[in-house]
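Enquirer: Sequence:
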Amino acid sequence: MGTAKSWDFLNIETRMEGDKIIGTAQGMLGAVLQPFVDHFYSVLNSLKVIAKVDGANVYNLYNPPQPSRVGMRALERKFKEVVFQTIFPATANLAITHKCQCRCRHCSADPFVDPSREELTVKEIRTVVDGALDLGASLVIFTGGEPTLRSELPELIDYVDKSRAMPMIFTNGQLLTQKYVDRLAKAGLATMNISIDHADPEKHNAYRGVANLHQQALVGGRRALDAGILVGLSTYATHESLADGSVERLIQIAIEHAFNEITIFDCIPSGRFLKDTGLILTDGDRRKVLALYDKYHEGDYPIGVVAMSKVNSPEGAGCFGAYSEFYMTAYGDINPCDFNPVSFGNVRELPVQLIWNRMISHPDFRLHHKTCRMQTPAYRRKYIDPLPDGMRLPVPIERIDELAARKKE
36 MGTAKSWDFL NIETRMEGDK IIGTAQGMLG AVLQPFVDHF YSVLNSLKVI AKVDGANVYN
96 LYNPPQPSRV GMRALERKFK EVVFQTIFPA TANLAITHKC QCRCRHCSAD PFVDPSREEL
156 TVKEIRTVVD GALDLGASLV IFTGGEPTLR SELPELIDYV DKSRAMPMIF TNGQLLTQKY
216 VDRLAKAGLA TMNISIDHAD PEKHNAYRGV ANLHQQALVG GRRALDAGIL VGLSTYATHE
276 SLADGSVERL IQIAIEHAFN EITIFDCIPS GRFLKDTGLI LTDGDRRKVL ALYDKYHEGD
336 YPIGVVAMSK VNSPEGAGCF GAYSEFYMTA YGDINPCDFN PVSFGNVREL PVQLIWNRMI
396 SHPDFRLHHK TCRMQTPAYR RKYIDPLPDG MRLPVPIERI DELAARKKE
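When the letters of the sequence shown are read in order and numbered with the working numbering, they come out as residues 36 to 444.
No more than 16 Å apart at the CA atoms, straight line, and that leaves these computed lysine to aspartate or glutamate pairs for EDC-like:
id, residue 1, residue 2
1, 113, 73
2, 158, 190
3, 330, 283
4, 417, 399
5, 158, 187
6, 158, 193
7, 238, 279
8, 345, 333
By construction, these hints were calculated from the structure, which means they are not laboratory data.
Put together the whole structure using the sequences plus the hints.
Expert: As structure tokens, this is what we get:
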């Protein structure tokens, strides 16, 4: 049995019984809150523990360890949603640069790149971080482009209030030297995801246009793990990578390197392949992804598997965009997610809190979407099909009707 702790903002006492967390609501609202607390921890206690941080359970790399002060932010946010009858973001996904060494054929951020625009300053990014934490976010993801090309990345990681949110990065892994990894760890980086497109090094390097990147990424990941940073691999499932066994081999590579987790994204028609709906996984493809999830995450393997075919389905959490997440381009445009090219405002013109409220008040975004919008035919007909080929993105939400009318002319 673990030591009891008290969390002052909700007055909840927790204790560990093995890997299970028991929470007891205290104070005047204790009786009212207890069923809510019981449900919250019953869900957590049903999950696989993939790592321990200071004695707390890590269930996946996208949520803080439990129980912990930052972990309690998730419960606090859920309680606020019940009280205020609105939703608050769990994740702020922030591109801090669109510069990158790679020239990925599948780059989802490529249409956002505009050399005529200035990327946000560190001060402006800090303001967005503050706004996201005020909204309730407990995960701040720094992405790109390649975030390690932004010299101030360690400074931004250090800036995140670790009692309110944990910082994560998505990286291609090329610059993870020992010296740089030590800087990231010292700044307080909690987790990182390293993107690997294929188990075959030559194919991965060819997809990314960088020689020896596959090996550099895996070596850098081991350095990060040894420095105390939780590490996952990030990949995407395609018809081909499922058929040739690459996705499963990547899971095995992650296990061989003792990484904590692998995330398997669906191949989504976005970015450079925005209009290519032939990339959308078939029902048979999804069954293969779910079978891998069942085998490796639910089975007795020392790794977590996050399968977006499951997470973004009606049986999972559904679409994260405008529900538990927002994405920001390096120029400050706020979109529902990094795959969705529709913008609801720019942080240089409005605080992120107001843009979030504007997004979740929109008729097509205020209700939780049960599947990934970018893979849903009705959504694509309205928001993606009207976009002219080669258009610089994101597109302001106000222009969608105008573009649809032009397409009909």
